[in-house]
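J.: Residue-level listing of the chains:
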Amino acid sequence: MSNTTTQTDATDTSQNIVQMNQIPADASVRAESPLYHADLKTVAEQGTQDAGIVLQELALLDHLVLRGSVDNAAFTTGVESALGMVLPANLQSAEHEGRVIRWISPDEWLVTTAGGMGFELEQQLREAMGETHFAIVNVSGGQTVITVEGADAEEMLKKCTPYDIHISHMPVGKVVTSLFGKSQAVIRRTGEQGFELVIRRSFADYCWLWLQDASGEFGFSVKES
Amino acid sequence: MFYIYCPYCEEHREEEEFHAAGEAHIPRPLDPDACTDEEWGEYLFFRTNPRGLHHELWVHGVGCRKYFNITRDTQTYEIKETYKIGTKPQFTRAEENA
Ligand SMILES: [Zn+2]
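One line per chain: the protein sequences are A and B, in this order. Each residue of the first sequence is one higher than the one before, starting from 14 at the first, in this note's numbering. Each residue of the second sequence is one higher than the one before, starting from 1082 at the first, in this note's numbering.
The hints are simulated quantities; they were obtained by calculation from the structure and are not laboratory data. Misleading hints may appear alongside valid ones.
What the hints assert, rightly or not - Straight-line C-alpha distance at most 16 angstroms; calculated EDC-like pairs for lysine to aspartate or glutamate:
#1 A:Lys-195 x A:Asp-226
#2 A:Lys-195 x B:Glu-1095
#3 B:Lys-1165 x B:Glu-1097
#4 A:Lys-187 x B:Glu-1092
#5 B:Lys-1147 x B:Asp-1112
#6 B:Lys-1165 x A:Asp-63
#7 A:Lys-54 x A:Asp-177
#8 A:Lys-195 x B:Glu-1120
#9 A:Lys-236 x A:Glu-121
#10 A:Lys-172 x B:Glu-1095
#11 A:Lys-187 x A:Asp-177
#12 A:Lys-195 x B:Glu-1097
#13 A:Lys-171 x A:Glu-121
#14 A:Lys-187 x A:Glu-205
#15 B:Lys-1147 x A:Glu-121
#16 A:Lys-171 x B:Glu-1095
#17 A:Lys-171 x A:Glu-205
#18 A:Lys-236 x A:Glu-58
#19 B:Lys-1147 x A:Asp-120
#20 A:Lys-187 x B:Glu-1104
Between the sequences and the hints, there should be enough to build the whole structure, so can you do that?
T.: Put into structure tokens, the structure is as follows:
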């Protein structure tokens, strides 16, 4: 019976990796962010401008999930040379030239870059890391980013997550994946009065409605992306 | 608020972020084809149900999504320790050391 066991051919696996630019060459294909239906442009035009909370979708950024071991020097130095920043340690993030890298798990990071630049960055990362063991997955279509800023941002977010987001516990640059309403979000502090949420596409509408509801008592405005 | 320490995030996190995933330290038989039905059934279905210290597998599902172990007292619900996969517990029942 044991001779039915199959062994996959481990030689030269690099040749089997399919790299694909998810953005079609034909520019006539319309891109819609997960909050496209919410028509944030119109909402932005209607709202007040001096609100305690300012919400903005950073729509259609490119998102790459990066996985590898921190014990693997080829992986860490490869990422460093391609991104121009060191892999952030537990619950930390880093920013460089418009790219943000967030710690997600001991062997997982989320990189965001300008819309349309993801494939190029993926190729640079693959080039820099060479034959070593790592994984890159483009998840741009699966999630979106919302920034929450203003004097009341922290007060409002306290209602959204059980995580202690006080600046003494969550300083600028710290990033956590935690509950957000009944859903979840990757929450990062970007400034004393600024936060950023990475939310899943399928929960984007729910999170957006939740944010509007939670912000209502403070007054909020929407900034066009 | 009830916090559990995640050994991968290296901080205490809200209990809602976690899920229990059954008993810890159940080795899969190295050669399943060589197992008797009893041995395989034992591995697949039978679990200890101790009164006192119990080693459990938990997952930080809304967080780093890593599995880790908890030693928990089934009488008092007290969590004695949390530790990474591949490491050994500090707290054990007397019969585990026999
Ligand atoms: Zn964790």
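J.: For the pair supplied as a hint, B:Lys-1147 and B:Asp-1112, is the alpha-carbon distance within the 16 angstroms limit?
T.: Answer violated: B:Lys-1147 to B:Asp-1112 is near 27 angstroms, above 16 angstroms.
J.: Next pair to validate is A:Lys-187 with B:Glu-1092; report whether the Cα-Cα distance is within 16 angstroms.
T.: Holds, at roughly 13 angstroms.
J.: Within 16 angstroms, alpha carbon to alpha carbon, are A:Lys-195 and B:Glu-1097?
T.: Between A:Lys-195 and B:Glu-1097 the Cα gap is close to 11 angstroms, so the pair holds against 16 angstroms.
J.: Taking only the CA atoms, is the gap from B:Lys-1165 to B:Glu-1097 under or equal to 16 angstroms?
T.: Judged against 16 angstroms, a Cα distance of about 20 angstroms means the pair is violated.
J.: Need the status of pair B:Lys-1147, A:Asp-120: alpha-carbon distance at most 16 angstroms?
T.: Distance of about 10 angstroms is within 16 angstroms: holds.
J.: Quick one, are A:Lys-171 and A:Glu-121 close enough, alpha carbons at most 16 angstroms?
T.: violated (26 angstroms)
J.: Assess, step by step, whether the Cα of A:Lys-187 is no farther than 16 angstroms from the Cα of B:Glu-1104, and give holds or violated.
T.: With Cα atoms ~33 angstroms apart, A:Lys-187 and B:Glu-1104 exceed 16 angstroms; violated.
J.: Tell me if the straight-line CA distance from A:Lys-195 to B:Glu-1095 falls inside 16 angstroms.
T.: holds (14 angstroms)
J.: Decide if the proposed pair is consistent with the structure: B:Lys-1165 and A:Asp-63, CA atoms, cutoff 16 angstroms inclusive.
T.: Violated, at about 48 angstroms.
J.: Does A:Lys-187 pair with A:Asp-177 here, judged by a C-alpha cut-off of 16 angstroms?
T.: Between A:Lys-187 and A:Asp-177 the Cα gap is close to 12 angstroms, so the pair holds against 16 angstroms.
J.: Quick one, are A:Lys-236 and A:Glu-121 close enough, alpha carbons at most 16 angstroms?
T.: The hint is violated at about 31 angstroms.
J.: A:Lys-195 and B:Glu-1120 were given as a pair; does the straight-line alpha-carbon distance stay at or below 16 angstroms?
T.: The hint is violated at about 42 angstroms.
Comparing the model with each earlier hint shows violations of hints 3, 5, 6, 7, 8, 9, 13, 20; every other hint is respected.
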